[in-house]
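S.K.: Chain residues, written in single-letter form:
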Amino acid sequence: NAGVTQTPKFQVLKTGQSMTLQCAQDMNHEYMSWYRQDPGMGLRLIHYSVGAGITDQGEVPNGYNVSRSTTEDFPLRLLSAAPSQTSVYFCASSYRVDAGYEQYFGPGTRLTVT
Amino acid sequence: GDSVTQMEGPVTLSEEAFLTINCTYTATGYPSLFWYVQYPGEGLQLLLKATKADDKGSNKGFEATYRKETTSFHLEKGSVQVSDSAVYFCALSPPNTGGFKTIFGAGTRLFVKA
Chain A
273 NAGVTQTPKF QVLKTGQSMT LQCAQDMNHE YMSWYRQDPG MGLRLIHYSV GAGITDQGEV
333 PNGYNVSRST TEDFPLRLLS AAPSQTSVYF CASSYRVDAG YEQYFGPGTR LTVT
Chain B
3 GDSVTQMEGP VTLSEEAFLT INCTYTATGY PSLFWYVQYP GEGLQLLLKA TKADDKGSNK
63 GFEATYRKET TSFHLEKGSV QVSDSAVYFC ALSPPNTGGF KTIFGAGTRL FVKA
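Chains as they are written, first to last, in our numbering: chain A, 273 to 386; chain B, 3 to 116.
Chain B on its own, in the form it takes in the complex (with noise of 0.2 Å):
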C-alpha cells in the first residue's frame, strides 16, 4: 500500500544551518506530496506542497522538489532560525481517493538553538 518514510528525529542545529530532513514515498501513480509543520501545542499547518514530477513547492524559505525517479520529496532550508523548531510531517495523497486522503510519515522532530 501507499506509504511515506521519513528520517527519524530529534534533528538539533544551530541558528543559520542548513536543513534537511529526507522523505520517500511508495505510492503507484501520481500522488500529491506535501510538507507539514507542527509547533508546539497547535494542529498542523500546511507548509508546502508539489503536485506533480519536478514541481518545487516552497515557502518561508523552506523548499522541497518532487522526484519522481528516487520517490523522494526532501525538505531543505538554507538557514534555520530558533522559530524553525517543530515538527514536520511529510505527507502524500494518493491520486485514486481525489486527493484529498492523506498519508502521513511519522514525523521529524527539529531543535535549532541559537
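Okay, chain A solo, but in the shape it has when bound (with noise of 0.2 Å):
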C-alpha cells in the first residue's frame, strides 16, 4: 500500500493564483481532512470529509474549497492564494479503531505565496 500520497511536495504560488492540493488513499478510509500546520500553532484543520460526497468545514476553511467524488480522492482547491496561506498542508485518512480513531497523514505540500 502507498498509504496516503499527496502532490506536490513544493509549490510557490504568486498572489492571487489559484491551485489544487492532491491527496489520495488506497487505504479504504472513510474520513479524510486537511490540516495546515504553522510554526507554534500545530495542525489545524482546514476541511474534512465523513465519505463520498460528504464534506464539511473544519477551523480555518475560509480561502479552501474542497470535494469528495470517490473515497480515494480528496482535493483541497486554493481559490485565490494569500501570503496568510503560506504553510505545510497535510492531508490525513482515518478509520476507527476501538473507541477512537487512528489517522494517517501524508508526506505533505510545502506551499509559498509571494
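Calculated from the structure, these hints are not laboratory results. Each residue gets a CB set at the ideal place from its N, CA and C atoms; glycine is no exception. Treat the hints with care, as some may be off.
What the hints assert, rightly or not - Capping the alpha-carbon separation at 20 Å, the derived lysine to any residue pairs in SDA-like fashion look like this:
id : chain 1 : residue 1 : chain 2 : residue 2
1  : B       : Lys54     : B       : Thr73
2  : B       : Lys54     : A       : Tyr367
3  : A       : Lys281    : A       : Ala324
4  : B       : Lys62     : B       : Thr28
5  : B       : Lys62     : A       : Gln357
6  : A       : Lys281    : B       : Pro42
7  : A       : Lys281    : B       : Glu44
8  : B       : Lys70     : B       : Thr28
9  : B       : Lys70     : B       : Ala55
10 : B       : Lys58     : B       : Arg69
11 : B       : Lys54     : A       : Lys281
12 : A       : Lys281    : B       : Gln47
13 : B       : Lys58     : B       : Tyr41
14 : B       : Lys79     : B       : Pro12
15 : B       : Lys58     : A       : Glu374
16 : A       : Lys281    : B       : Thr30
17 : B       : Lys62     : B       : Ala29
18 : B       : Lys79     : B       : Arg69
19 : B       : Lys70     : B       : Thr26
20 : A       : Lys281    : B       : Ser16
21 : B       : Lys54     : A       : Glu374
22 : B       : Lys58     : B       : Pro12
23 : A       : Lys281    : A       : Gln357
24 : B       : Lys62     : A       : Lys281
25 : B       : Lys79     : B       : Glu17
What the hints assert, rightly or not - For the chain B half of the interface with chain A, some residues (derived, Cβ under 8 Å), not all of them:
id : residue
26 : Glu44
27 : Gly45
28 : Leu46
29 : Leu48
30 : Ser85
31 : Ser87
32 : Phe91
33 : Lys103
34 : Gly107
35 : Ala108
36 : Gly109
37 : Phe113
Join these two chains into a complex; the hints should help.
M.R.: Next comes the structure, spelled out in C-alpha cells:
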C-alpha cells in the first residue's frame, strides 16, 4: 500500500493565483481531512469528509474548497492565494479503531505565496 | 472549547537520558488521547494512544498514561536515542465528533545528542 500520497511536494504561487493540492489514499478509509501546519500552532483542521459526497468545514476553512467524489481522492483548492496561506499542508485519512480513530498522514505539501 | 497544551521546546538531551514531555488538555467528556511523532520532512505518525481514564499507551519504548484527575497525558521514555530526534505532538479527539476530528498541541521538538 502507498498509504496517503500528496502532490506536489513544493509549490510557489503568486498572490491571486489558484491551484489544487492533490491527496489520495488506498486504504479504503471513510474519513479524510486537510490540515495546515504553522510554526508554534500545531495542526489546524481546514476541511474534512466523512465519506464520498460529504464534506464539512473545520477550524480554518476560509479561502479553501474541497470535494470528495470518490473514497480515494480528496483535493484541496486554493481559490485566490494569499501570503497568509503560506504553510505546510497535510492530508490525512482515518478509520475507527476500538473507541477512537487512527489518522494516517501524507508527507505534506510546502506552499509559499509571494 | 477543547484544547491541548504541551511544553515548549526545544528539548535537548544526551543519548540514554530520560525523557518527559508534558501534555495537559481541556475537554468535556472523555476524549481519546494521542501522541504523534513527526520526523524531519515527513508527515505525522501515530506513536501511541489511550481511549479511557487510566489507560497506558505504549510503543517503541515510549509510554503515556491517561490521567483524568489531572487532565494530563505526559509522554515518557526511559532511554532516548539519536533516532528519537523529532517533533512530538499531543492530541485529543473530542467524543462528540465521533473521534476522528483531532485537536493538536503546538508540538515539542526533541534533539538527542550522541
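S.K.: Which numbered hints does this structure break?
M.R.: Checked against the structure, the hints that fail are numbers 3, 4, 5, 11, 13, 16, 17, 20, 22, 24, 30, 31, 37, while the rest are satisfied.
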